[in-house]
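There are 2 protein chains.
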Amino acid sequence: MVDSSDQRRGSPSANGVWGNQASVLVGDYLFSRAFQMMVSDGDMAMLKLMSDVTNALAEGEVLQLSRTFHLEMTESECLEVIERKTAVLFKAASEVGAHAADQSAETVATMAEYGMCLGVAFQLMDDALDYLVEAEQAGKPVGHDLEEGKITLPLIHAMQRDAVLAAKVEEISERGCYEEGDREWVRERVTAQDGTGCAMDRAKDYAERAKRLLPETAEVEVRNLLAELADFSAHRPY
Amino acid sequence: MVDSSDQRRGSPSANGVWGNQASVLVGDYLFSRAFQMMVSDGDMAMLKLMSDVTNALAEGEVLQLSRTFHLEMTESECLEVIERKTAVLFKAASEVGAHAADQSAETVATMAEYGMCLGVAFQLMDDALDYLVEAEQAGKPVGHDLEEGKITLPLIHAMQRDAVLAAKVEEISERGCYEEGDREWVRERVTAQDGTGCAMDRAKDYAERAKRLLPETAEVEVRNLLAELADFSAHRPY
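Chains as they are written, first to last, in our numbering: chain A, 1 to 238; chain B, 1 to 238.
Worth flagging that the hints you see were computed from the coordinates, not collected in a lab.
A virtual CB, placed ideally from N, CA and C, is assigned to each residue, including glycine.
Just so you know, not all the hints are guaranteed correct.
Interface residues of chain B toward chain A, partial, derived using beta-carbon atoms under 10 Å [said to hold, decoys possible]:
id : residue
1  : 20
2  : 42
3  : 178
Some residues of chain A that are not near chain B, with every Cβ distance over 12 Å (derived) [to be verified]:
id : residue
4  : 11
5  : 19
6  : 42
7  : 48
8  : 74
9  : 126
10 : 217
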């Protein structure tokens, strides 16, 4: 709903099927129900972790929103948004798993870092795929990020190399929407300047970092699964 | 945002000013921030109370949504929706106050009941005012409840007495929206059949019940303030 998209990862989105009203209300229900279940479980450390991450995520989304059409966005600001609006969720998921399995404080911290790297890799690929894949394959409209004013790494990288592209993006930003042909034109330029390749390379770096973090002492089967997950997030085709 | 209204109690609504996206995200932020603060306070009883009430509220809103244009709604179903989507919030507010002030379990339970009655009175007045006051005075569009398919007590009461009104409401329900003149016509019929008077009388009953619940042992000043609050909720002109 937040990105007004009728599709989400290949399936119809909730707001597309049931409208905004039901989606907001049922979303609130799921959120509050999750907290209710955690409270009845009574693990204060878990509650702290999960209330911190939901708050960080909400902050991250607001941060991204405040950066709408912020054309001066640097690569490091871009990574900050990614960490705060996406990667903290992956971080919390990994951390909670280790905590619930009664692992040592050191393992919990390591798994938190693994999740953070996994999340950054995942989001960087997402940002690249928005300029790369065909709509049918993506399961959502492509070239949608810029349309919503989201300045992501592939675009930042390409704009640094291509003044014509930068001028065009400024024009789109001032108008606030695409004109006919803009979507395809921008997409070709971003790909031609290897903005997408740059984001994918960074995604692979983060995935490798995630894999190196996996504790030597972990069971081989578990290690392999977590390593595969990191690989998938940086190599997925959709 | 849930009722797609540009105004809320006389002021521009958040979604009216900043749009849906910012409103959802900042709403999520405030919700998660509140939980984060409660977790850091560390009072498990408070956490249970607040996670229960937020979940009940979300359920109540979904319940109301599932009753959209449910013309067979009875008065008791209507009161159930009111309790679950509004009154539980008032209940929790009163209960938390007593709990935080280290009152006895008996006083906490009594104050919870006071809050419940206060909330029902408040909502019944809200439902009456939707058919009664002028838009400028209400600070939001009037006759909006039926437009959104909300079947409230004034309408239920009036439809039981007025077959022509009932037929008209069925027609509006099938069409899913007002035609020109419908809003004023329905409003006049509901007022003429004293649907609004009936809802206001019920509101006053609940307010009186709330006042009777106030502990004899409470400080006079506090008792008076809480009694005034109950009176206001059932006598307010807007």
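Going through the hints against the structure:
no. : hint : result
1   : 20   : holds, 7 Å
2   : 42   : holds, 7 Å
3   : 178  : violated, 18 Å
4   : 11   : holds, 20 Å
5   : 19   : violated, 10 Å
6   : 42   : violated, 7 Å
7   : 48   : violated, 5 Å
8   : 74   : holds, 23 Å
9   : 126  : holds, 18 Å
10  : 217  : holds, 31 Å
Checked against the numbered hints given earlier, the structure breaks hints 3, 5, 6, 7 and satisfies all the rest.
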